[in-house]
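There are 2 protein chains.
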Amino acid sequence: MADKPEIKGITVKKNVDLSKWYTEVITKSDIMDYSDVSGCMVFKPYSYMMWEILQRFVDDKFKKMGIKNCYFPLLIPEKFLIKEKEHVEGFAPEVAWVTEAGNTRLQERLAIRPTSETIMYPSYAKWISSWRDLPLRLNQWNNVVRWEFKNPVPFLRTREFLWNEGHTAFATKEEADAEKEEVLDVYLETLKNLMAIYGSIGQKSEKEKFAGAVSTHSIECFLPTGKAIQGPDFHHDGQNFAKAYDIKFQDKEGRTEFVWQNTFAITTRMLGVMFMMHGDDKGLIIPPPIAPVQIMIVPIFKENNKKIILKKADELKKKIEKHFRVEIDKREECTPGWKFNEWELKGVPLRLELGPKDIENNQAVLVRRDDGKKSAVKVSDVIKEAEKILKNIHDKLYKQSEKNFKDSIVEVSTMKQLKKTIKDKKMALAPFCNKPGCEDWIKEETEGATTRNIPPDKKVEKGVKCIQCKKEAKVMVYIAKAY
Amino acid sequence: MADKPEIKGITVKKNVDLSKWYTEVITKSDIMDYSDVSGCMVFKPYSYMMWEILQRFVDDKFKKMGIKNCYFPLLIPEKFLIKEKEHVEGFAPEVAWVTEAGNTRLQERLAIRPTSETIMYPSYAKWISSWRDLPLRLNQWNNVVRWEFKNPVPFLRTREFLWNEGHTAFATKEEADAEKEEVLDVYLETLKNLMAIYGSIGQKSEKEKFAGAVSTHSIECFLPTGKAIQGPDFHHDGQNFAKAYDIKFQDKEGRTEFVWQNTFAITTRMLGVMFMMHGDDKGLIIPPPIAPVQIMIVPIFKENNKKIILKKADELKKKIEKHFRVEIDKREECTPGWKFNEWELKGVPLRLELGPKDIENNQAVLVRRDDGKKSAVKVSDVIKEAEKILKNIHDKLYKQSEKNFKDSIVEVSTMKQLKKTIKDKKMALAPFCNKPGCEDWIKEETEGATTRNIPPDKKVEKGVKCIQCKKEAKVMVYIAKAY
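If you read the protein sequences in the order shown, they are chains A and B. Using the working numbering, the first residue of the first sequence is number 1, and each one after it goes up by one. Using the working numbering, the first residue of the second sequence is number 1, and each one after it goes up by one.
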C-alpha cells in the first residue's frame with residue numbers, strides 16, 4: 001500500500017556480516033543517502049544533528065582554550081600545494097582539481113582542499129613577525145575532498161567529509177607539546193562523554209604518521225566485530241611547514257626563529273564508528289548525549305480515547321522537554337508496534353509509552369533501547385527516572401566499548417602469535433623497531449594488519465627484539481586489521 | 001621598530017571615496033585577508049565570529065520553525081546541473097568545474113555547487129512519495145563557488161562565499177506562500193536586531209528574479225554613500241524544479257501532484273553591507289548584538305601602578321563578563337592612545353577606561369564608539385549603564401540606516417526625473433511595466449541603475465504609464481545604482 005509506511009527491519013545479523021549489517025542499518029534508519037557522485041554522501045537531518053551536537057561540544061572547549069575559528073578558501077593554487085614535499089606526496093594522488101570556470105580554462109589548476117595547511121600557511125607567514133603574534137591558534141569547521149579510489153563506505157570512508165582542522169603556531173616546542181595533551185583530552189572526552197566510545201591515545205608509527213608531520217598521535221578504537229578503527233588525530237609538525245612556508249618570528253631577544261606547529265582533526269567518520277560500535281541486530285543505538293531524540297513518546301490510543309491520550313502526551317512532553325530532547329509520534333497510520341520498531345531502528349535511547357491504563361494509574365512506561373527493559377514510572381518521577389536510565393545506558397555502552405577494546409589485546413612476541421591473534425580478530429601488542437619497511441612486511445605476513453598506535457604506558461623492555469626483523473625493538477605497538 | 005605595533009589609521013574619508021575607504025578599513029581592522037586565489041578571501045576570526053553569531057541567531061529561529069539542517073555533497077554531476085533550463089543558463093557561466101582527480105581524468109565533469117537545487121532535488125524526488133512526507137523543510141550552512149568575472153570585493157562579491165540555503169517542498173502553493181512571510185521575517189529581524197540595518201522587503205522584477213524561480217523577494221538596503229545593495233532573498237519556485245526533477249507525491253485523495261518549492265538564503269555578503277553601512281572615518285562600527293567584543297577594557301597604567309590597576313581590571317571583567325562579551329587590553333608595548341585607536345578602528349562599540357583616578361573614585365569611564373561621548377560611571381552601575389548605552393548605540397545605528405533609506409527615495413514619473421535622481425545618488429520609485437527589455441533600457445539610459453524591488457505597499461495607480469516604454473505600468477519599483 002502506497003499510503004502505509006513499509007516495514008524496515010534489519011535482515012542481517014551484526015556478528016555475521018558487519019558490512020552488510022552496517023549498510024542496511026544506515027540506509028533503513030534514515031540517517032543518510034547515497035548521492036550520484038560516487039563516494040559523496042548526503043547527511044540527512046538525523047545524522048547531521050549528531051554532527052552539530054558534536055561540533056558544539058568540541059567547539060565550546062576549543063574556544064575556552066583560546067582557539068579561534070576562521071575560514072580559509074576551499075581552493076588551493078597548485079604552486080602552494082607542492083611546497084612541502086612529503087605533504088604533497090601524501091595528498092597529490094587524491095586531489096580533486098578544478099581546471100575550468102564557466103567556459104574558461106584556468107591558467108593554473110586549483111586543488112579542492114584535502115586539508116588546509118598549504119592555503120593557511122602562506123597567510124601565517126604574512127601574519128606572524130614577532131613573538132607578540134604568537135601563539136596563533138586557529139581552527140576551521142569545513143568540508144574537505146580526498147578522491148580515494150578505495151571502496152567508499154558512508155561516514156567511514158567518503159570522498160568528501162566534514163571535520164574540524166586546528167592549525168596552531170607557537171614560539172617554542174614546549175608550548176606546542178603542551179597543546180597536544182590539551183587537544184587530545186578534548187577529543188578523548190568527546191568520544192567518552194558524548195559518544196560512549198573507548199579510545200586509546202598513542203603515537204602513530206613512522207610509516208603511519210601524517211604526511212609532513214614530525215609525529216602523529218591518534219585515538220584508536222576497536223569495534224566489537226574485531227576490527228580496529230582510527231578516531232581523531234593530532235600532528236606535531238615541528239618546524240617542517242614553517243621552513244617550507246617561511247613562517248618566522250623575531251623572539252624577545254631579537255633573534256629570528258621558525259615557529260613550531262600542530263594540526264588536529266575530528267571528522268564525520270566518528271559518526272560511522274559510533275554506529276558500528278553500539279548498534280545491534282535491531283538497528284542503531286545512539287548514546288543519549290548525542291541523540292537528536294533522547295526520548296520518543298509513543299502514545300497508545302484508539303479512535304475513542306485518542307483525544308485524551310494525545311492531550312496527556314502533550315502535557316508530559318511539555319513537562320520534560322526542558323530536560324531532554326523529546327518528541328511525540330502521533331501518526332495514526334502506524335500501529336504502536338510499528339513505531340516501536342522504527343524508533344528502535346533509529347536508536348532512540350529511551351521510549352516512553354503512554355496508554356489508557358498508564359493514564360489511569362498516573363504513570364508512564366519507560367523502555368530502554370539497549371536491553372529492552374521496561375519500567376512503569378509515576379508521572380511525577382519521569383524526569384528523575386529518565387535521567388537515571390539515560391545515564392545508565394551511556395555508562396553501559398561505554399563500559400562495553402572499553403571492555404571490548406581491552407579484551408581484544410593479546411601481547412605477542414613471535415610472528416606466529418601475531419598471525420594467530422590477527423586471525424582471531426584480536427589486537428596484538430607487539431615489540432617493534434618502528435621502521436616503515438618492517439611495517440610493510442608485517443602487513444604482508446598478516447594479510448593486511450597495520451600498526452594502530454604506540455600506547456605511552458607500555459614500555460618496551462631492554463633487549464626485546466622487533467617481532468619482524470629481530471633487531472632491537474624501540475616500542476610496543478598495537479597491530480590489528482582496521483576497518 | 002619591528003617590535004612595536006605600527007599605527008593603522010584610516011587615510012581616506014568614507015564620503016570621498018567609498019571603495020578606497022572600504023578597502024582600507026577591512027584590511028587594517030584585521031577582519032580579513034586576501035588569498036592567492038583571486039576573488040577568494042580569508043575570514044579572520046574577528047569577522048568569522050560575527051558570521052557565527054549571525055548563524056546561531058538565524059539557525060535557532062529556523063529550527064523553531066521546524067526547518068532541519070542537513071548536508072549535501074559539494075560536487076554536482078553535470079547531468080544534474082543541466083536539468084532545469086533557466087537555472088543552468090543562469091549559473092553555467094560561473095561554474096567551477098572539477099575535471100581531474102589525482103592523475104585521472106574524470107568521465108563526467110563535476111560542478112562545485114553554485115547553489116544546491118540540482119544536487120538536492122534528485123534526492124527529494126526519491127524521498128517524497130506521499131503527502132505524509134510533506135512538508136520537507138531542509139537547510140544547509142555551507143560554502144558555494146560562483147566564478148564571477150567582475151571585480152571581486154571582499155565580503156561583498158567573492159567567488160566563494162558562505163551562506164544558508166533553505167530548500168523546502170510543500171503539498172500546496174498556500175503553504176509555500178505562508179513560508180515566505182515567515183522566512184523573510186527572520187531575515188528582516190536579523191538585519192534589524194542583530195546588524196542594525198534597515199531593509200525593505202519587496203518582489204524582484206521579472207528580469208532580476210532567480211534563475212528558475214517563479215518569483216523572488218529580496219530585502220534591499222541603501223548605503224549612506226548613495227548606493228543600493230541587496231540583502232537576503234527568498235525564491236518561490238512554484239513547480240518548476242518539481243517538474244524538472246520529477247518530485248511528485250500522492251495527495252490525500254490519491255492523486256499524483258508535483259510539490260511546490262521555495263529556496264532562501266542569507267550570505268556572508270551581509271557582513272560587508274554592515275561594514276559599509278555603519279563604518280566612519282575612524283574605521284568599523286560593529287552593532288553590539290553581533291560584536292565579537294562588545295566592551296574593551298583599556299586599563300591606564302604605569303610601571304608603578306600596573307599591578308593594582310590590572311588587578312582591578314580583572315575584577316571588573318569578571319563582574320561583567322556574564323552580561324557582555326568583554327576583553328582587557330593589557331599590552332605594555334602600546335600606549336592607551338594607540339589602543340583607543342585600534343579598538344575604534346575595529347569598531348568595538350564600547351570602551352571602558354580604567355585609570356588610577358577612576359580606581360580612587362570607584363568608577364570607570366565608558367566611551368561610545370559611535371559618537372565618542374564619555375561618561376564616568378560608578379563601578380556598581382557599570383552593567384546597567386553599559387546595557388543602556390549599547391542598546392542606545394544599536395537603536396541609533398538602526399535609525400540612521402532607516403532614515404538614510406527613506407530619505408533616499410524620490411518618486412519619479414519621467415525619465416528626466418529618474419536620471420536626475422540617479423545622478424543625485426538617490427533611489428527612485430518609478431512606475432514600471434516589469435518587462436525585461438524595458439529594464440535593459442532603463443539601465444542604459446541611467447548609466448547603470450537597476451531595479452531593486454517592488455515594495456508591496458506602493459500600488460501603481462490606474463492609467464499610470466511605465467517610465468520607459470509608456471505602456472501601462474504594472475508596478476511601482478525602486479531603481480538605483482547598486483554596489
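Any given hint might turn out to be false.
As the list claims (entries may be wrong) - Here chain A is said to cover these stretches of chain B; the calculated rule only asks that three of the stretch's residues, wherever they fall, bring their Cβ under 8 Å from a Cβ of chain A:
| id | region |
| --- | --- |
| 1 | 185-194 |
| 2 | 214-220 |
| 3 | 430-443 |
What the hints assert, rightly or not - Derived CB-CB ranges, DEER-like:
| id | chain 1 | residue 1 | chain 2 | residue 2 | range |
| --- | --- | --- | --- | --- | --- |
| 4 | A | 392 | B | 304 | 42 to 50 Å |
| 5 | A | 65 | B | 20 | 36 to 44 Å |
| 6 | B | 381 | A | 63 | 47 to 55 Å |
| 7 | A | 243 | B | 38 | 42 to 50 Å |
| 8 | A | 16 | B | 104 | 34 to 42 Å |
| 9 | B | 36 | A | 243 | 49 to 57 Å |
Said to hold, decoys possible - Some chain B residues near chain A, calculated using beta-carbon distances under 10 Å:
| id | residue |
| --- | --- |
| 10 | 97 |
| 11 | 103 |
| 12 | 134 |
| 13 | 330 |
| 14 | 333 |
| 15 | 338 |
Derived by calculation from the structure, the hints in this document are not laboratory data. Cβ coordinates follow ideal geometry from the N, Cα and C atoms, glycine included.
For each hint, the structure was consulted:
no., hint, verdict
1, 185-194, "violated (count 0)"
2, 214-220, "violated (count 0)"
3, 430-443, "violated (count 0)"
4, 392/A - 304/B: 42 to 50 Å, "violated (60 Å)"
5, 65/A - 20/B: 36 to 44 Å, "holds (39 Å)"
6, 381/B - 63/A: 47 to 55 Å, "violated (30 Å)"
7, 243/A - 38/B: 42 to 50 Å, "violated (28 Å)"
8, 16/A - 104/B: 34 to 42 Å, "holds (36 Å)"
9, 36/B - 243/A: 49 to 57 Å, "violated (19 Å)"
10, 97, "holds (4 Å)"
11, 103, "holds (7 Å)"
12, 134, "violated (14 Å)"
13, 330, "violated (12 Å)"
14, 333, "holds (7 Å)"
15, 338, "violated (13 Å)"
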